[in-house]
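Asks: Chain by chain, the residues:
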Amino acid sequence: MSMAKSLPKGFENAPGAQANVYKVSAAKNASQPTVNFRGRPGGGPGRNMGQTVEHAENVGGTLARLMTYFGKSKRLLVLLLISVVCVTLAGLLAPSLQGSAIDHIAGRAWDQLRSCVILLLVVYLGNVLFTLAQSLLSARLSQSITRMMRHDLFKKMDHLSIRYLDTHSSGDVMSRMTNDVENVSGTISQSLGSLVSGLLTVVGTVTIMFVYCWQLTLITMVTVLLTVLVTKQMSKVMRKVYRKRSAILGQLNGHSEEMITGYKSIVAYNKQQDVIDEFCQTSNELRKVSIKAEILGGSMGPIMNCISNISFVIVAAFGGYFAYTGLITIGTVSAFIIYAKQFSRPINEIAQLYGTIQTAVAGAERVFALLDEPDEDNSGDKELANITGRISFRNVDFSYVPGKQVLFDFDLEVEPGQKIALVGSTGSGKTTVVNLLMRFYPVDKGEILVDGVNIRDIRRDFLRDNIAIVLQDTVLFSNTIENNIKYADLDAPDEAMVRAADMSHIRHYIEKLPKKYDTYLKQAGAGLSHGQRQLMSIARAVLADPKILILDEATSSVDTRTEKKIQDAMVQLMKNRTSLIIAHRLSTIRDADKIVVMDQGRVVEIGSHEELLAKQGKYYELYMTQFAGNRI
Amino acid sequence: MLKYVKKYWVFCLLAPLFMVGEVAMDLLQPDMMADIVDNGVLQSNIDLIISVGIRMILTVLLGGLCGVMCGVFANIAAQGFGNDLRKDVFAKIMHLSFQQTDKISTGSLVTRLTNDVTQVQNTVMMSVRGFVRNCVMFVGGIIMLYRQSPKFALVAACGLPFVALFAVFFLRKTAPLFSVVQKKLDGINHIMQETVAGARVVKAYVREEYELSRFDEANDALCAENLRVQSLLAFMGPCMNIVLNLCVVAVIIVGGWTVRDGGSITPGNTMAAITYLAQILHGVTFMANIFQIFSRARASADRINEVLNSPDVIVDGGHTGIAVEKGSVEFRNVSFSYPGGDGEEVLENISFRVEPGETLGIIGATASGKSTLVHLIPRFYDATEGEVLVDGINVKDYDLETLRDKIAIVLQKAELYSRSIAENISWSKKDATPWEIKKAAEIAQADDFICQKSSGYYTPVTEGGHSLSGGQKQRISIARALVREHEILIFDDSTSALDLKTEASLYKALEAECPDVTKIIIAQRIASIKGADRIAVLDEGGIAAIGSHEELMQSSPIYQDIYRSQLEEGGDKQ
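Those sequence lines, one after another, are chains A and B.
The end of the first sequence is residue 632 by the working numbering, with every number in the run present.
The end of the second sequence is residue 1574 by the working numbering, with every number in the run present.
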């Protein structure tokens, strides 16, 4: 049997080089080539892990936009800048005063020493006070900006289209709201101070130094330049190593997260050792790279220290020489030593700031990118006086992704008060119909009318207010049971809530709880069974008291006896209401006024249960599998 | 935790040694500087300036070298330590019992493995370098200061207690606030997560404004708390600085007086003293920060220890031998209640036997104990009372691996991994051939949809399987169970997301391909298990009835009730 030809269907289209994927060894059983899947064939939507050093696209524009946030707290900003200037000035004055104090000691000028010390005390006091003011103000500034930005982001998130949320991972959105915002506001408000004080210090120090002795100043400058150059070279090398490290770290974290979350299956299949081996391999690799990166990073300190000390020695030696020749005084040497240190510090800081600001701006860009996402379509302002609940779908085409059409020429007329059931296999487009009716997505072609008005012309919130929906994936909020049931209307009377709970068969359960309706659902109801969660969200819909009710697989996790009870209650609920029901279980929908059978985005049959059975078509087939006594 | 450091004791010892070298070199400099000032400049001695200058540069270079070496050793120790710890924690997590992972949530386990280990590792690093450095700096600084003049040391001695006092005060004040901030941060994350996850519901009920106000409340609270902490911390630096500055002024005054009175202090001494003073006080401030880091690391270490020290609940029995029977399962008077729960019995006195090759259906209301029952077979949990036997041998006597190799269990929640579909299916059998994989997928009714994908079996499953529908995920995880031969196959409600037609074909294929495998199938729908040899009806933790579909229809009112609720009319016509 030839090997390559005999690969089964579904295996022939390996992305990337096929040769890498199959290791067909002739020595082994020739008819059954072993497959090497480890090679992780390239292509496909893989995750991009190696992203660490970030470069902003449009630094100027983003910074300008950031400044508008800062502009909103102008008073704080001005005060902050004033204190920064004061702190810097005090920092510049102090060494010079210390220097002259030493001079006075050396020159035995006791009176001058006294006034000098008093002045020094005043300068110190000013320094301390303004430093305090600076920290307080910058904390306040960064918090107020964080608050504003987060508020804006959340508001945006609230109004994003479902399409955006479907196509972007929630982790990504979340990380923009927490990490990026905090990073941006913190970094910017802190570096703003550092930047201003750094620049001032450099300019001030250089000026004072020049005034004292320009020869010594030039010598100092050379050493400082040396420092900056070395820093730059080193950080280039470091960035490379660090990038590699974060890539491996990302891999390791991803692996452990996945394995720990999927831990039950690992145990069930006895795969612990394999998984541990794989983890150890990555972990060892991380150790190797980390040591390299950290040694490089850790050497930075001593090397900088070394350079700054060398410059200290050079300044001291030359200063000593100049003092010996009488060019300057001892006190000036002492002041120079301090200035030389003070001078190189802000230069290093500004060099580092460049990197931090880059990252912060990149973060800000992500934040702004989200803020710039278009809001959900909010067109239409009609409000219908008395909604009857007539729904018409006319020739609706729809695709989530261009090119992959999900609904084809969908037509459906629903009379007020009718109960309509949508059935069909997974992926036939049932949920899409609901999504379109809710205006979660706009139709590509055709129109959807409620009471004869195109839903695009109806005010969006008004439309949604009149439709209650119970979803397949139950969503509860970390809040009290009361607030969860009263979600649609927090001011609803308690009787309405109890009635809703009663009708959804959850009242018994809630009232057994010690705190009853005040019970706080931790972690969005994680302690509840899936069935209970579904009942809870049904109660929520019941309380909303809408004209149109949608149940999307709402009872799939409730056991069938309970489901039956809910259905009995629903009969009551559905009176005078139009309802759309999606379910796998045919028993759920048998008594619908109209059953719509869907297949691959098209309506294939419409009719009542009896009519469709008599027709012996697709519905009949579906229905019969239920009773076919499929022997297991 | 210490046990992990021990392995690297040589490095842990070498690093501080070099650190002492670096600091010593740092400390020598102001002294040499004083020498240059007093004996070189003031005495007009150029040669001395040059020779001392060269000595200073050499000292500096030696110091730098020591610093780098210290970094090398400290890193080898810290990274090695972190690596060992991480691996052990991961291995431990993989061997935790279900009840332990239920208690510590998986999210928390991930944080412990990643953040907490890194935190502890950094602390080891910090303490080897920063702690030692500043200790040496502190002690050395005082000695050098004393050498300049005992009077200067006295000044430092007066200032130090205040610095220490401030440090302790601020740490005490802020430490509890940090946990408050963390809690508030969790709160805000929660609201965001919920709103993103529940966007459809928020929109459907037009509650955007409400969610925004809820968020704003949490946001304001967080920012206010953050501001409180930061404001408090803003006082720390200036307070420390006041002390430092006062000390410098005192040194100048003391130096001045002594020089005036013809004492033993020189201007050079005074200059050096100012530098030493700054070094000492800087050291103290740093120590204050280190303690903060220590207390945070302590919390991390505790959380890691909780994992590492958790006892092995499921004890390996060691029996690897061949059993007489093949594929039988028996429950003898089994009762079970979740450990740490309220003691309520989830299962009560359950007894039944499944013969090799038999198919047992299990049906019952939500929370009637169905899942728990089957979890006792591969020992995910141990029965509180009674015994569970597989192939006639108590499961507790088995070697765990041997036992679990006999059983394939498809869990309610399909856990897939971010690799290709083929790799996910061959998960339990690494060397599975493409034919075996395809065969398993065919039985699981997954082949069709997999082949429809452009990359076929090589289609990558994205994280958590978001790219697949619920039914597709379930079918892939069923294929995973089938790729390898097992004696016993357990479906824990694993076909709930399949439509009836697909489900029916799956069971048909399963029956045809694996007739000898013992099957235990939990289901919600009667149609799923109607054809089983026997069906057990579970009700409130006990077996209400057991028998074939026909028998149960005759004898069990609960079963009849379930049947009516699902099939009602029409069903009997067949």
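Simulated from the structure, these hints should not be mistaken for lab results.
Some hints could be false.
Stated by the list, open to error - Once the Cα atoms are required to be at most 30 Å apart in a straight line, the calculated DSS-like pairs of lysine-lysine come out as:
#1 A/K512 / B/K1430
#2 A/K271 / B/K1396
#3 A/K445 / B/K1453
#4 B/K1430 / A/K9
#5 A/K615 / B/K1508
#6 A/K618 / B/K1007
#7 B/K1413 / A/K244
#8 B/K1453 / A/K288
#9 B/K1151 / B/K1173
#10 B/K1439 / A/K515
#11 B/K1003 / A/K292
#12 B/K1508 / A/K515
#13 A/K288 / A/K232
#14 A/K594 / B/K1501
#15 B/K1087 / A/K618
#16 A/K72 / B/K1184
#17 A/K244 / B/K1007
#18 A/K271 / B/K1151
#19 B/K1007 / A/K264
#20 B/K1501 / A/K615
#21 A/K9 / B/K1453
#22 A/K516 / B/K1103
#23 A/K236 / A/K271
#24 B/K1501 / A/K9
#25 B/K1184 / A/K271
#26 A/K404 / B/K1501
#27 A/K264 / B/K1430
Asks: Within 30 Å, alpha carbon to alpha carbon, are A/K615 and B/K1508?
Replies: holds (26 Å)
Asks: Next pair to validate is B/K1184 with A/K271; report whether the Cα-Cα distance is within 30 Å.
Replies: violated (39 Å)
Asks: With the threshold set at 30 Å, check whether the alpha-carbon distance from B/K1453 to A/K288 stays at or below it.
Replies: Roughly 40 Å separates the two Cα atoms, so the pair is violated.
Asks: Mind checking the alpha carbons of B/K1501 and A/K9 for me, to see if they're no more than 30 Å apart?
Replies: Answer holds: B/K1501 to A/K9 is near 23 Å, not above 30 Å.
Asks: Within a Cα-Cα threshold of 30 Å, do A/K404 and B/K1501 meet the stated pairing?
Replies: Holds, at about 25 Å.
Asks: Can you confirm whether the C-alpha distance between B/K1003 and A/K292 stays at or below 30 Å?
Replies: holds (24 Å)
Asks: Taking 30 Å as the top limit, are the C-alpha atoms of B/K1501 and A/K615 close enough?
Replies: Measuring from Cα to Cα gives roughly 19 Å; hence the hint holds.
Asks: Holds or violated: A/K244 with B/K1007, Cα cutoff 30 Å?
Replies: holds (27 Å)
Asks: Between B/K1413 and A/K244, is the straight-line Cα distance small enough, at 30 Å or below?
Replies: The hint is violated at about 35 Å.
Asks: Do the alpha carbons of B/K1007 and A/K264 lie within 30 Å of each other, as the hint requires?
Replies: Not satisfied, since the Cα-Cα distance of roughly 33 Å exceeds 30 Å.
Asks: Could you grab the alpha-carbon distance between A/K236 and A/K271 and see if it respects the 30 Å cut-off?
Replies: Distance of about 42 Å is beyond 30 Å: violated.
Asks: Has the given pair, A/K288 with A/K232, been kept, meaning a C-alpha gap of at most 30 Å?
Replies: With Cα atoms ~24 Å apart, A/K288 and A/K232 stay inside 30 Å; holds.
Comparing the model with each numbered hint stated earlier shows that hints 1, 6, 7, 8, 9, 10, 12, 15, 18, 19, 23 and 25 do not hold.
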